[in-house]
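J.: With the sequences and hints as input, model every part of the structure.
Line by line, the protein sequences are chains A and B. Start counting the first sequence at 1; every next residue gets the next number (the working numbering). Start counting the second sequence at 451; every next residue gets the next number (the working numbering).
Incorrect hints may have been included.
Claimed, not checked - Facing chain A, according to a computed beta carbon distance under 10 Å, are these residues of chain B, among others:
(1) 504
(2) 572
(3) 679
(4) 699
Just so you know, the hints here were simulated from the structure itself, not pulled from any lab data. The C-beta atom is built at its ideal place from N, Cα and C for all residues, glycine as well.
Listed below are the residues making up each chain.
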Amino acid sequence: MGSNDRQHRWRLGAVLASTMLVASACTATDDASPSAGGTDGGGEGDAGEVVMISSQLVPTEEQETMRNEILADFGGTVEFIGAEPGPFNDQVRAQEEAGEGEISIIGGLDGEFSAFAADELLTDLSDVADELADLGINEDYLELGKLGTDQQLYIPWMQATYIMVARNEALDYLPDGADVNTLTWDQLTEWGANIEAETGERRLGFPAGEDGLLHRFFQGYAYPAFTGGVNTTFTGDAANEMWTWMQDTWQYVNPQSTTYGFMQEPLQQGEVWVAWDHVVRLVDALESDPEAFTAFPVPSGPEGKAFMPVIAGLGIPTSASNPEGAKDLIRHLLQPETQATTLTSVSFFPVIGSDLPGDLSAGLQAEADAVAAQQEADDALPALLPVGLGEEGGAYSQVFRDAFQQIVIDGQDPSGVLEALLPNLQAVFETSGAACWAPDPESDGPCQAQ
Amino acid sequence: MTARLGWAPYALLLPSAIFLAVFFAAPMVQAFALAFEGPDGGFGLSNVERMFGDSSFRSALLTTLALVVLVIPIQFALAMSMALVINAKLKGQGMWLYVYALPLGISELAAGIVWVSIFTQSGWLNSILIGLGITDAPITWQSAETPWLLIGCVVIAEAWRATSIIMIILVAGLQSIPREFLEAADVYGATNWQKIRRVILPMLRPSLQVALILRTILAFQVFATVIALAGSGLDVLAGEAQRWATDIDNDNVAAAYAGLILLLSLFSTVLFLVLLPTREEHQA
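T.: Here it is in structure tokens:
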């Protein structure tokens, strides 16, 4: 596999990634009743004890749901370990160094698998992929799961993204002629200004708190929408324009945003009327009172409607002690029933094309519609999660949080701050050796930040 | 005297010495080694330079010092009055002790979350202020744009949470003051204020010293209350150490921050030992 193949894959992946959420969201909206299609894999026989480590579903509540609902019908015993990225990487690699160990299945993000694959820690799952063909797992995601090789190194598991949610009273203050489904980022600012002018309150909201995901807003939304890239357009006129927009918008953002982790809470309390966040971190608001909230696609910038699909997959390490049990678990997790349970219990969307059993609740339906509208937009511009950064992922996100702190909170001039942070960004690529990922153009060797 | 005891005192000291060596001294040495580990594995100052160059370093240091300077006097004034109330042997003395000591049983993070529910825009404080007609619109207490207000919130939460530990030390100190001293002061017609100033405070000096040292060290480590109340809006040294260790995944710079906290704690301890010498006669 040449590095060109890999880079090509990222570009392909980003473009393709977008199409899938649409399909899944549409599927999920179908009123299909009994489970259609699909093999009869999981849930039968005894798969023995399977230890699963996952960088997804880490919050305690989600881990409980995973154990008690999603894994309940599995024909074996699963010890599920949800781990933060640091320990997650350490444990997988420590087991590999030891030669063999209990961890038989890994649940992680595309970017995490690419780092494992680079060190040849993953086994080929092509047989499982063939066997599950009837489920209609999205071809594009399967392609992504090959990580640029001819082997299936992970099987797509579930997906999510980030959208906007507004309290319905905010809709009265939309700028003249604006449609909530086709907003621009400038119109969002205007919207916030209208609300502030009429109510005297700053009611836009971003998750800028300690455990908020604001860095993803810049990496997958603001930067690509304004500049068409992220790392290769980190500085420059378009980047300055984006940060100036953020500075302007911040006048209408609730100043308590620097304490917000999950936007569903301030939305429910009414502290914030319009918010951007991860679907999983918004769903409680929509579920608690579907009549009070509207979910809608993210606004567009000059370069398009940028958004970040989050794709999680399942892989089996070469050091697994129970690979057969792990394969059974993969079959179980991809069954339409399990995918439906995953959607309704932890709000991660399915990756299979088969119809899901049962109806969606109103809140999830609203999210599914917004996700679909986001990806079907003519100007949709998918941006991948960071790829291949490995342990440097935290340092990468820190660059964006530092920029936010200095430019938006401290009010410094964007161009000076960005020039000063550029070496930090480049250091991340040099240390990790990561190539650029979509929507940045391909790079030979480490990505060159500009 | 010493000769007759032989090895017994050393044997008694041994377990705690081993404990301290294994769980305190060794990790401390390791942390310093991490902090001064160069990129090639040898000795180097690159981590310390990176800490000084960290965009949050200055604000973290200043905020931490500001919190120490603001919280400790408030806590001592409160703890002293609480201790005097308990020592006055009022009716229901036991109840006062339990009520005052209640925050001791609550974790730092839980205390922070309790105070978030008070200070947040739709929280208790704003509800009360609006209910009383003092303000029309909710006031934003926890905003990074008004750092002093935010620091004020943390000071209040910290004062509530960590005053009881000082109070307990002071109550113990108060109860060890012989009654004769106060009775003698009464005989000479001392007022209450004179008794506090001339008898109680000087006799409390050893307890005050212990409490000050303990509390200052803890104040340099303030973390969870700040995370809960201020999120990313306020930087403190312990928060930076945590961020470098877990978010950025760089243990070396995290160790540099931890080392700095240790140096500040040592410095303040020495300062209190010098400023508040305890004389033999006070302990007679």
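J.: Hint by hint, note whether the structure agrees.
T.: Okay, the hints, checked on the actual structure:
1. 504: holds (9 Å)
2. 572: The hint holds - residue 572/B has a Cβ within 10 Å of chain A, the shortest such distance being about 4 Å.
3. 679: holds (7 Å)
4. 699: holds (5 Å)
In the structure shown, no violation is registered for any of the earlier numbered hints.
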